[in-house]
Amino acid sequence: MSGLVLSINYTADQHFSLKLDCELPARGITAVYGPSGSGKSTLLDCIAGLRAGESGSVVKLGSTLWQGPNHLVPAWNREVGYVFQDARLFPHLNVLGNLRYALTRSQQRDTISLDQVITSLELNELLQHTTDTLSAGQKQRVAIARALLSSPALLLLDEPLANLDHAASQQCLRGLQQLSKELQLPMLYVSHDIEEVAQLADYLLLLEQGRLVEQGSLLELCSRLDTRLSREERAAAIITASVKQHDIDFDLTELDVEGHSLFVNRLSHSLGQQRRMRIPARDISICRSRPSDTSILNILPVTIDEMEHSDGARILLRLCLGSQYLLARITRKSAMELELQVGDKVFAQIKSVALLIEASDAA
Amino acid sequence: MSLNSAELDAIYLTLTLASVTTILLLILGTPLAWWLSRRRGTVPAAIEAIVALPLILPPTVLGFYLLLLFAPQSALGHFWQQLTGTQLAFSFSALVIGSVIYSLPFVVQPLQTAFQRIPQGLLEAAATLGARPLDQFRSVVLPLSRRSFLTAASLGFAHTVGEFGVVLMIGGNIPGETQVLSIALFDYVESLRFDEAHRLAGALIVFSLALLFLLYRSNGQTGWRMRA
Chain R
1 MSGLVLSINY
11 TADQHFSLKL
21 DCELPARGIT
31 AVYGPSGSGK
41 STLLDCIAGL
51 RAGESGSVVK
61 LGSTLWQGPN
71 HLVPAWNREV
81 GYVFQDARLF
91 PHLNVLGNLR
101 YALTRSQQRD
111 TISLDQVITS
121 LELNELLQHT
131 TDTLSAGQKQ
141 RVAIARALLS
151 SPALLLLDEP
161 LANLDHAASQ
171 QCLRGLQQLS
181 KELQLPMLYV
191 SHDIEEVAQL
201 ADYLLLLEQG
211 RLVEQGSLLE
221 LCSRLDTRLS
231 REERAAAIIT
241 ASVKQHDIDF
251 DLTELDVEGH
261 SLFVNRLSHS
271 LGQQRRMRIP
281 ARDISICRSR
291 PSDTSILNIL
301 PVTIDEMEHS
311 DGARILLRLC
321 LGSQYLLARI
331 TRKSAMELEL
341 QVGDKVFAQI
351 KSVALLIEAS
361 DAA
Chain Y
1 MSLNSAELDA
11 IYLTLTLASV
21 TTILLLILGT
31 PLAWWLSRRR
41 GTVPAAIEAI
51 VALPLILPPT
61 VLGFYLLLLF
71 APQSALGHFW
81 QQLTGTQLAF
91 SFSALVIGSV
101 IYSLPFVVQP
111 LQTAFQRIPQ
121 GLLEAAATLG
131 ARPLDQFRSV
141 VLPLSRRSFL
151 TAASLGFAHT
161 VGEFGVVLMI
171 GGNIPGETQV
181 LSIALFDYVE
191 SLRFDEAHRL
201 AGALIVFSLA
211 LLFLLYRSNG
221 QTGWRMRA
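For the protein sequence lines, the chains are R and Y, in the order given. Quick note: the first sequence uses the numbering used here, first residue 1, plus one each step. Quick note: the second sequence uses the numbering used here, first residue 1, plus one each step.
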């Protein structure tokens, strides 16, 4: 099956237009990332059929054409689930009523049952509640459940976690990841939060001012120096590692990454499990020789793969570790003093490692 | 104190007229209010102004032009006569048409306000869940504006009951055919029969008060504005 083919030409007014051509994988989670006003929500609206791009626009999922020359399938006939930022639950129906609304109108692909949705999104206690008594996180879980019950072939999510506190958003993320795997349902996930994107996405679409800037796998894009991602203060590389052993005495878990050890706070995962880790560029420092008198536990031998040319105070390095990459942001002065060159073998001291929840298998 | 048969006829006629008018107003007013609630521009503004006209126009002005329109010499009056074999002016049908026009703003405006308060986002959500436009209206718009339908129907009904000027102009004063309560009352007063006038006037006050009281009570503290 081919992917999601998009050729969208949409003009909102003289200040904003969305023009983009791309083909995305129709599996896993694709993040649409960009600053606000970059056209992320407009893109989802065009895919869902809530806004019609100009003639010549194409929206096609696999062999199903939703929009093409002289062809426009209305929103209600597209097998699309849409989770809006503001949930948009029907206030005159209770939680169960909202779920049933979707169920009775679904095209009956029987991909998911009411029970399954209720269990995965932990809605059992809430079914009889009216929607105005729900917290933001609960509302969003109901909205996700409702969208899934319409048996979509593609799930669109527009910053569904934007108004949620950390605990609630983690709960939603867990539910989404579990469902994405169980249902093999492709998702398009709009976000302006790079950490959320790093946790969820397999594939990444970068938008800026209504134009597609970059697309590619998350791991590849996150390790490049020439994208918007690397310019962010929170730029980070994402690596995958497997659980090697648990150190009960020190309450740590040792992970294996490309034959090297990485220690993190003790995990509950079984040995051999693959995990995705996020290592912020600003939390890596570079040494010429392996330091022996340091409190930092994680020191990895790496090769400098690429160096950013910049006149600013700080520069970004791409470090090669086996087949994976790390990013390090250091001062230009340090780089000069250490005479760092592409190809040099150095040591990366890692101050912190963020473990990403329930990583889906690396794309 | 009991009502004589002419008075009972007038009451029956008034209630029939108000009921028929209200039903027609709901049927015509709902799509019109929906259309007005989703459009901006010159044409909708002009239509809105026309709908609101009976609110400020003396009823006799409206009645005068309707009378001209309903006369057998006019195109509409002539057409009606060809079609039904009866005259349109001074008939019950003329009263219904006049009342529908006269009470239109009382039905359209509350509905339009209610519809405007329904977020477009909810309808978009319904669409992505597979609801066609008519289904969206039935499953989202109607339940969310239920109170306003009650308000609109009550106001349309009550306003028709209280109508005088238009009816006088186009209906005349034919007992059992076009003589409604307000006209019967006018008759009594003109012929100085104040006792009978008191009976009818008192009955109208009690009826109107009761209707408004029930309406306001059902809408709680919000008057006739509905809660979204």
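The set of hints was computed from the structure by calculation and includes no laboratory data. Since we're looking at a predicted model, the values are computed, not measured. It is possible that part of the hints are untrue.
[Claimed, not checked] Ranges between beta-carbon positions, derived for each pair:
{"hint": "1", "chain 1": "R", "residue 1": "E306", "chain 2": "Y", "residue 2": "P44", "range": "31 to 37 Å"}
{"hint": "2", "chain 1": "Y", "residue 1": "T42", "chain 2": "R", "residue 2": "S55", "range": "24 to 30 Å"}
{"hint": "3", "chain 1": "R", "residue 1": "H15", "chain 2": "Y", "residue 2": "V61", "range": "43 to 49 Å"}
{"hint": "4", "chain 1": "Y", "residue 1": "L211", "chain 2": "R", "residue 2": "G68", "range": "55 to 61 Å"}
Using N, Cα and C, we set each Cβ at its ideal position, and we do this for glycine too.
Right, here's what the structure says about each hint:
In this structure the hint that E306 of chain R and P44 of chain Y lie 31 to 37 Å apart at CB is violated, the actual value being about 60 Å. Between T42 of chain Y and S55 of chain R the CB atoms are about 27 Å apart, so this pair conforms to the stated range of 24 to 30 Å. Between H15 of chain R and V61 of chain Y the CB atoms are about 48 Å apart, so this pair conforms to the stated range of 43 to 49 Å. Checked against the hint of 55 to 61 Å, the pair L211 of chain Y and G68 of chain R passes, with Cβ atoms roughly 56 Å apart.
Hint compliance for this structure: hint 1 is the single one not met.
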